[in-house]
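**Student:** Residue numbers (the numbering used here), protein chains in the order written: chain A, 1 to 260; chain B, 1 to 308; chain C, 1 to 414.
To be clear, the hints were calculated from the coordinates, so they are not data collected in a lab.
Treat each hint with caution, since some may be false.
Computed beta-carbon distance windows for the label pairs [said to hold, decoys possible]: (1) B:150 to C:123: 39 to 45 Å; (2) C:42 to A:153: 34 to 40 Å; (3) C:251 to B:36: 18 to 24 Å; (4) B:151 to C:376: 24 to 30 Å; (5) C:28 to B:117: 53 to 59 Å; (6) C:28 to A:257: 34 to 40 Å; (7) A:63 to B:193: 44 to 50 Å; (8) B:36 to C:216: 44 to 50 Å; (9) B:184 to C:134: 16 to 22 Å; (10) B:150 to C:143: 28 to 34 Å.
With the Cβ distance kept under 7 Å, some of the chain C side facing chain A (calculated, not the full set) [unchecked claim]: (11) 80; (12) 84; (13) 213; (14) 214; (15) 301; (16) 304; (17) 306; (18) 307.
Cut-off 20 Å, straight-line C-alpha distance, at most; resulting in silico cross-link-like pairs (EDC-like, lysine to aspartate or glutamate) [stated by the list, open to error]: (19) C:354 to C:82; (20) C:30 to B:20; (21) A:92 to A:12; (22) C:25 to B:113; (23) C:93 to C:76; (24) C:354 to B:203; (25) B:24 to C:215; (26) A:37 to A:196; (27) B:47 to C:250; (28) B:21 to C:209; (29) B:21 to A:34; (30) C:30 to B:267; (31) B:298 to C:227; (32) A:71 to A:34; (33) B:24 to A:196; (34) C:354 to C:175; (35) A:147 to A:129; (36) B:21 to A:129; (37) A:169 to A:226; (38) A:27 to A:85; (39) C:30 to B:203.
Glycine residues also receive a C-beta, built at the ideal position from the N, C-alpha and C atoms.
Take a look at the letters that make up each chain.
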Amino acid sequence: MTLEDNKQWAIETEELDIYYGDFRAVKHVSLQIEPQKITAIIGPSGCGKSTVIRAFNRMNDFIPGAHATGKVLFRGQNIYDPKIDPVQVRQKIGMVFQKPNPFPKSIYDNIAWGAKINDYNGNLNDLVEESLQKAALWGEVKDQLQKSALSLSGGQQQRLCIARALAVKPDIILMDEPCSALDPIATLKIEDLMRELSKNYTIIIVTHNMQQAGRASDYTAYFTMDADRAGMMVEYGVTSQVFTNPRNKSTEDYISGRFG
Amino acid sequence: MIIKSTSPFDLSRKKNRWSEKLIKLFLTFAGIVSIFTTIAIVYELGKESLLFFSLPEVNLVDFLTTTTWQPSIGKFGVLPLVTSTLITSFFAMLVAIPLGLGAAIFLSEYASERTRKVIKPILEILAGIPTVVYGYFALTFMTPILRSIFGENKVEIYNMLSAGLVMGIMILPLISSMSEDALHAVPRSLRDAAFGLGATRLETSIQIVLPAALSGIIAAVILGISRAVGETMIVAIAAGSGPNFTFNPFKAAETMTGYIARISGGDLAYDTADYNSIFAIGLLLFLITLLLNMISRKISRKYREVYE
Amino acid sequence: MRSTADHSNQNFSISDPILEQRQRKAALWKSLFRLSTLIGIIALTILILSIINQAFGLVAIQDKVDRTTLSTQPIESLSQKEMIRLIEKNLSKNRVRTLDRDIPLVERSHKDLYTLIEREVIQVKIVDSYPLFKSVITPQRFKDRVLLDFPKAKIQFKLWLNLSFLTHTMSNIPEQAGIRTAILGSLLVILIALFVSFPLGVSAAIYLEEYSTQDTWLSRLIQTNIDNLAGVPSIIYGILGLAIFVRAFDPITSGKVFGVEGANGRTILSAGMTMALLVLPILITNAQEAIRAVPSSLRQASYGLGATQWQTIWHHVLPSALPGILTGTILAISRALGETAPLIIVGAATYITKDPSGIFSNFTTIPIQIYNWTTRPQTEFRNIAAAAILVLLVMLLSLNAVAIIWRNRLNKNR
């Protein structure tokens, strides 16, 4: 037994296929996500990037007709096993969405709510401060915790959503194009934050922004569409290698801007 | 950076979410209550109608084909009630279709945003007025006007025309708002194309937009007819009581709904021919309106599919 | 003709006769469209004016008993004691005892006693009435008519809609009839309808909107069913209420199982339940729309934090949908407030003088009274029907105003 065999990945998929009704949106995805690293998923629109990342914490369950075959292993357990409670999966694998979506509540309640429903029995004030600190938002909002979260700017809202996810104490944070609605300065802040968070968390990010993937990620998975319009992974590896020396022709075309 | 494979966190340790399940059960039950309502309607109408048709003096063929409704002498022909229902509904649609459609075209194609914002709520008020008030209006306002126009000896105090016309005013907002929605759903590009060819606004509205919205408008009209057939208070107050087989709109004649309202107005004894008859007529009414509503919804779903 | 127009820029102008004709036609039709819109507004205006017209106006009042035969000096100048004596002398013993039991005569004020004498002893009656606009424009014609028919009558201006109309119970004499019993009946009926239909309707809407991905066939069946129920004529609900609540559940709806004596199933409870079924589909549809308007990003955010479905609904979806749900509920309830036909079938009593004492009482409602009074031959009943319509319309308006204010306030608070 080598060390590699023994290795526990953050997430590991085996022959994952995802369907919307009869339509197969993603096929044959087998990949291993390195823990405490940033993994970027890139590829042209419609190639199933978001579908894949949402499969990692069973957010696809809410799309009528969506179902998956194959395995998604998290801590040695297939999260699509009927025995598994998807609610518990989402407590361990948090998510940040494309558009900032704070609850129409105060900043404080936004952070505290997730902990409350998960029976958190520590000090909520400390948790709120700690989460906002980690999301690099504490300094900006510490005097206005009772203000509505909707009064924040877009970039602040997105960092609040990250803080909110952290407060539930997940292992992994999924980010589905978290910067697509933000301006460049806010985007840079989020990227710095991701780098900081990756010391303690596994981060998986879907992005359509090549530079962002190149700048901010440790690993990159490149998805593209097959002839039957099903998304599939064609390249996966250390980011610098994927960007400078892709093995696959279509990856090279995409990265150098000749496609998509 | 290796996490021990014997993780203490077991995802399959499902919390026993009894409350979640109970809540879902209750919510499902609440949804099913509406199905019970339908079952109860069909069961009660059906059961009592069967009793009605098993009476010795009643048979289904006579019920549907003869023209005298006089329970006291054992005549149960529903046609006079049906014809007066049709006549009042006809006059209602005679008012509601042109006016409702005209208003819809005006609001959708001509009116500015500001005008629309003022006029639509007013039409909604019209739709929100209780039907008994329309009945009062028909009897105390419309009937005297009709009598002074056509002559008091020609127009009876209770008459189908007055009830029908006022019913048309009641249905007007329904037709106009549904038709306006249909016209509104026609994509802008179609209008732009017509204007680009030098068409006037009228030509664009009538020849391009209206045909494109036709199925939505037809759905509105059918729903309007269904509303007219099922309307009770206006006809009960203004159209007169007592079945009367006539096609003269100036005459009094009782409709199906008017009959049901009059018969059950007093202390109606159970298990009499009168009692059972309101269920038989109710069943007929239910079937007619159900059919109309289903056709209307089928048509309107079709136009939604085209544009959405 | 056309070709010249096409080729020369000078001829291509407004003076093109064909175009001009088209424009004229367009203008004509435009005014027709505008007219049909206006007719709706005009109809509404006329409707309201015609009701106001009937609710106020001149009346001719005549005493049945000559005042001079009762007392030598003007009755209003009598002392309270003398008035009581006059009452005792001219009314039957039984009547005096009833009145005394109501409020002891000696405790009544001078003004109250005078009204009592006018009503019971002199028996002042309205013998003729005239609508508002004619009263303003041609009062003389009414005066002439009254002088001819009732030479002894006095003419005065009457508000049929007045305080005593709101506070009195039913009566066979139009000017003494009031609508209190009917207002209370209406309120009780819609309260029951609200209590039953609100929890059921909102729950059903949540089921259809939030859980429909799970059992599709059932939710589709329920949805189709609700769409169909919404189009069922209200009178059919009345027949259903008669068969189910009044007849089949008679022991419960009459209150017999709870020890209420001698009642039948034609009670406020039956009426309220019937109304609940009637408004249920409307309420569900309105609540569904409100829930559907909650952005799905809110749900995703909640699920993403590991919330369960019900936690998501209770903490995020419902609070956001609440203003819409409440507005929709009020709209559904105002429909119930104006409904008449189902209550006729369920068996509203047209003549009750006692206020409803609970849910097992017989009942009447405002629309039932309007119907009842409208169908009476005397014009004075038309007058109080108009007054009752104004009461009903004001209640409906205030319900809707409450809905709008509520919605705005809740929207602002978020």
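**Student:** Compare the structure with each hint and give your call.
**Tutor:** Evaluated hints:
no. : hint                       : in the structure
1   : B:150 to C:123: 39 to 45 Å : holds, 42 Å
2   : C:42 to A:153: 34 to 40 Å  : violated, 52 Å
3   : C:251 to B:36: 18 to 24 Å  : holds, 20 Å
4   : B:151 to C:376: 24 to 30 Å : holds, 26 Å
5   : C:28 to B:117: 53 to 59 Å  : violated, 26 Å
6   : C:28 to A:257: 34 to 40 Å  : violated, 60 Å
7   : A:63 to B:193: 44 to 50 Å  : violated, 36 Å
8   : B:36 to C:216: 44 to 50 Å  : violated, 20 Å
9   : B:184 to C:134: 16 to 22 Å : violated, 44 Å
10  : B:150 to C:143: 28 to 34 Å : holds, 32 Å
11  : 80                         : violated, 65 Å
12  : 84                         : violated, 68 Å
13  : 213                        : holds, 4 Å
14  : 214                        : violated, 9 Å
15  : 301                        : holds, 4 Å
16  : 304                        : holds, 4 Å
17  : 306                        : holds, 3 Å
18  : 307                        : holds, 5 Å
19  : C:354 to C:82              : violated, 32 Å
20  : C:30 to B:20               : violated, 58 Å
21  : A:92 to A:12               : holds, 15 Å
22  : C:25 to B:113              : violated, 24 Å
23  : C:93 to C:76               : violated, 23 Å
24  : C:354 to B:203             : violated, 64 Å
25  : B:24 to C:215              : holds, 11 Å
26  : A:37 to A:196              : holds, 10 Å
27  : B:47 to C:250              : holds, 18 Å
28  : B:21 to C:209              : holds, 17 Å
29  : B:21 to A:34               : violated, 37 Å
30  : C:30 to B:267              : violated, 54 Å
31  : B:298 to C:227             : holds, 12 Å
32  : A:71 to A:34               : holds, 17 Å
33  : B:24 to A:196              : violated, 42 Å
34  : C:354 to C:175             : holds, 18 Å
35  : A:147 to A:129             : holds, 15 Å
36  : B:21 to A:129              : violated, 35 Å
37  : A:169 to A:226             : violated, 37 Å
38  : A:27 to A:85               : violated, 24 Å
39  : C:30 to B:203              : holds, 11 Å
Hints 2, 5, 6, 7, 8, 9, 11, 12, 14, 19, 20, 22, 23, 24, 29, 30, 33, 36, 37, 38, counting from the list given before, are not met by this structure.
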